[in-house]
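Both chains are given apart, each in its own frame, so use the hints to dock them into the complex.
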Amino acid sequence: MACTGSTERHHRGKLPVLSALVGCLALLSLSGCGSLHAKPPTDPDDLADYKAVNDPYEPFNRKMFNLNMWVYHKALRPVGHFWKNNIPQPIRTSVATLNETWRQPAVFFSDVGAGRPRRAGDSFMRFLLNMTTAGFYDVAQHLGYKQHETDPGMVMALWGIKSGPYIFLPGLGPTNFRDAAGYAIGQGLTPINYVPRGYGLISFNWGYNILGTFNTFADSTDQLDQLEHQSLDPYAFMRSAWQQQRQSQIDALKADHRATTPDWY
Amino acid sequence: MMLRQLTRRTILGAASLFALVPTLAFAAPSGDEAKAFVNDFGGKLVNVLNSDGSLEKKREVLLPLLLANVDVQGIGRYCLGRFWRVATPEQQKLYLELFQDVLLNAVMARVGEYQNISIRLVDTVPSPAGQKVTLEISRPHQPSIMMTAVIDGEPPKVVDLYGEGASMRLTQRSDYTTYLTRHGGQVQTLIMALKHQLGRD
Chain B
301 MACTGSTERH
311 HRGKLPVLSA
321 LVGCLALLSL
331 SGCGSLHAKP
341 PTDPDDLADY
351 KAVNDPYEPF
361 NRKMFNLNMW
371 VYHKALRPVG
381 HFWKNNIPQP
391 IRTSVATLNE
401 TWRQPAVFFS
411 DVGAGRPRRA
421 GDSFMRFLLN
431 MTTAGFYDVA
441 QHLGYKQHET
451 DPGMVMALWG
461 IKSGPYIFLP
471 GLGPTNFRDA
481 AGYAIGQGLT
491 PINYVPRGYG
501 LISFNWGYNI
511 LGTFNTFADS
521 TDQLDQLEHQ
531 SLDPYAFMRS
541 AWQQQRQSQI
551 DALKADHRAT
561 TPDWY
Chain W
387 MMLRQLTRRT
397 ILGAASLFAL
407 VPTLAFAAPS
417 GDEAKAFVND
427 FGGKLVNVLN
437 SDGSLEKKRE
447 VLLPLLLANV
457 DVQGIGRYCL
467 GRFWRVATPE
477 QQKLYLELFQ
487 DVLLNAVMAR
497 VGEYQNISIR
507 LVDTVPSPAG
517 QKVTLEISRP
527 HQPSIMMTAV
537 IDGEPPKVVD
547 LYGEGASMRL
557 TQRSDYTTYL
567 TRHGGQVQTL
577 IMALKHQLGR
587 D
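Protein sequences appear in the order of chains B and W.
For the first sequence, position 40 (counting from the first letter as 1) is numbered 340 according to our numbering, and the numbering increases by one without interruption.
For the second sequence, position 170 (counting from the first letter as 1) is numbered 556 according to our numbering, and the numbering increases by one without interruption.
Bound-form chain W, shown alone (with noise of 0.2 Å):
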């Protein structure tokens, strides 16, 4: 009795903690948290913007808020598609390195393109990749940029930005597994590019 008390509860309490796991770990954001999350990420990212510090004080301000809110990782390791799994793991580390500094870069060259900004949240649309935040970014003197936001993740995150319709992260999986494929599916082969795009060959 003692026994199948034990194992009726020893499997109770597996399956409860089976169906914990996922929860845990795909732990999307409701609309709310979203809405809040880009309130305060983006409030925090327009103050920098449009402080009157020089570009490269910015740019140090900004590179800690971007590590801490954008899952660079993540977007890395989407952007690979199916060649992540034959990179070694020397091979995946190194390429999530490069991969941070080409985003952080690509952001980092247009941070001085942002001044006297302010954002608008449109509107939150729940999506299988997590919330999708649709702001409006004013700019003085320009034509206003509509941008949608992915956020997903425990503690949310941004994982993909839209703009125009078309998904970042999307595009650059496309760039960087067309290259792949053109050069022999060979992982090392990208990391190479990434360096020579970084100016580090």
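With the rest of the complex left out, here is chain B (with noise of 0.2 Å):
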């Protein structure tokens, strides 16, 4: 019952370029699927819950839903649990925070398009003050600026974008036709991923990906395995999480009306 941390977990630290590259075929193949395509139930009990849970595309969602998780038995778990059991935790914070830090721009640019100029100066003084350390060290949180979540998918939410279909893409997990563009939005946003062939850091952006996706695994494991030990449809519990969840932080970004001078001054 507690899965709910994973779902937030799932946009950070992943290979970009091979979650964007195998969501985008999935996408793909979404138009050419029309049998995966469930028809609205005729029964007026089956139909509402049917709305309610804005998910046309079960029928492949699940397909892809049970591809992902047969990988996670056979290859992420294993990792996950390896790099758990013998990375020392300040490695792992450290890492953490590497893949936060590095991901900021893209929050910062968010922050601004979504209007929010306490957030946006939250995230842009986080980068600053992180990057005194290249990203290893949460200098900002002791200083006032605590990390949050703000991504292109909910500033669309806030200009009123309609979210559309629920999809489960591997790779990219759960999230919405809205939310699938406001990742590649997001990671067209990180700078890191412009960096041309043939410098350092190109090896650095592969090794602090690869590293924050072992990480990801590490933090995801014990919530994953709750979830498939505890419901009855592990599908619909964590879409059900995870909706709530992105309508939760969507809401708090609307709420977000502080004035721009942080808690300190």
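Please note: incorrect hints may appear among the correct ones.
Facing chain W, according to a computed beta carbon distance under 10 Å, are these residues of chain B, among others [stated by the list, open to error]:
{"id": "1", "residue": "D349"}
{"id": "2", "residue": "A352"}
{"id": "3", "residue": "V353"}
{"id": "4", "residue": "Y357"}
{"id": "5", "residue": "N385"}
{"id": "6", "residue": "T433"}
{"id": "7", "residue": "F436"}
{"id": "8", "residue": "S531"}
{"id": "9", "residue": "P534"}
{"id": "10", "residue": "M538"}
{"id": "11", "residue": "A541"}
{"id": "12", "residue": "Q543"}
{"id": "13", "residue": "S548"}
None of these hints come from the bench; they were simulated from the model.
Cβ coordinates follow ideal geometry from the N, Cα and C atoms, glycine included.
This is the structure:
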């Protein structure tokens, strides 16, 4: 029942190129899979449930979810456990901070797009301060600039763009049409993805993404195991938890009208 | 005249009673009552979790504490959603017994993860489901956890928990109702699945 933490982390620390590629392929295949579109039921109660979950591609999504869980059991879970059991916590925390710091520009631009100056200031300062340690240590948190999540999908929601149907993409996890587009935009707003070939940074980029992915697996394994153990329909459980959490993130962004001065001022 | 007075009195009395019934049935605690309840219940929980006793001993003490302060029956009924209406009284009774065990097992399985914790009340917000009391749970050498408990009823009880924006009972309801929809809407199928989950089949 505490699997909800995994959903936010699904957006963090993944191999963006691979994830985007897999996601795009899966999205493209949607159009050619008419039979994977669930027909609206005729029973009024079933129809109400069908509309509430906003998942017309459920047959397709379940196949993708099963594929994801197969890969999880065969590869990701052992890797996650190895990482968690063999890498000391301070190093894992540093990798998580590094991953988060290098994504800060995308968070900053999203905050600006959302018209939230306080959040934008926080993400700007977080990037500036944490980069003094190359992103390995969260200096900013100790100075009152706490980490927060804003991404282009949330901004589009704030602008009134509808989510579109729920989709589950291997590599990306639970999302919807709007947030999948937001993920691609977020990758475009992350400067390290533009480092030209031949630079040492490109190795660093792959390194930090791969390590970040290990961290994500390590953080998620317990929650995914719990999800499989405690729910009768893990797919439905994850869908509901993700949809609620996503809505709560959007609501929090909408309600954030704080002044631009930080807490310590 | 007497008849008219009686009628008026009867009508007024009946109206007052009817007005009182919903108040009694849906009495929601005030913000202060909810805070006091969470402080009391949370304090007892923390004392048990932080005590030096064995896990078995802790579970023995926690079980009655949870049953007294968490509306397990109400949550169970909510989780069955529209299928509650189609279940027979026997199925409802059996389902609630199984649900209670599933819920308590889930909580008890995680008791060992919470040692030397402390809780702090962050804020209280009224909502249609009850008073939402947000707590910060601090654990040594680990990030703190924000959790929201929904408190409702008379006497006050926990009717829902929110973690990272997701309602526990709503997520569980989605799990159960989707399972039922995909298995012909037969509550007996869910009962069998819960038995299997508890290793009782």
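Hint check:
1. For B/D349, the suggested interface contact is upheld, since its CB lies about 6 Å from the closest CB of chain W, less than 10 Å.
2. Restraint check, B/A352 versus chain W: the minimum CB separation of about 9 Å is within 10 Å; hint holds.
3. Given the 10 Å rule on beta carbons, the hint for B/V353 holds: about 7 Å separates it from the nearest Cβ of chain W.
4. With a least beta-carbon distance of about 15 Å to chain W, the hint placing B/Y357 at the interface is violated under the 10 Å criterion.
5. At about 16 Å, the closest approach between the beta carbon of B/N385 and any beta carbon in chain W exceeds 10 Å, and the interface hint on this residue is violated.
6. The closest approach between the C-beta of B/T433 and any C-beta of chain W is roughly 19 Å, which is over the 10 Å cut-off, so the hint fails.
7. At its closest, the beta carbon of B/F436 sits 18 Å from a beta carbon of chain W; the interface hint therefore is violated under the 10 Å criterion.
8. With 10 Å as the threshold, the beta carbon of B/S531 comes within range of chain W, its nearest partner Cβ sitting at about 5 Å, so the hint holds.
9. With its C-beta approaching chain W no nearer than about 8 Å, B/P534 sits inside the 10 Å limit, and its interface hint holds.
10. Contact between B/M538 and chain W, as hinted, is supported at the beta carbon level, the nearest pair being about 9 Å apart and thus within 10 Å.
11. About 4 Å separates the beta-carbon of B/A541 from the nearest beta-carbon of chain W, less than 10 Å, and the hint is met.
12. A least Cβ separation of about 8 Å between B/Q543 and chain W falls short of the 10 Å threshold, and the interface hint therefore holds.
13. Annotation: B/S548 was flagged as interfacial toward chain W, and the flag holds, the nearest CB pair being 3 Å apart, inside 10 Å.
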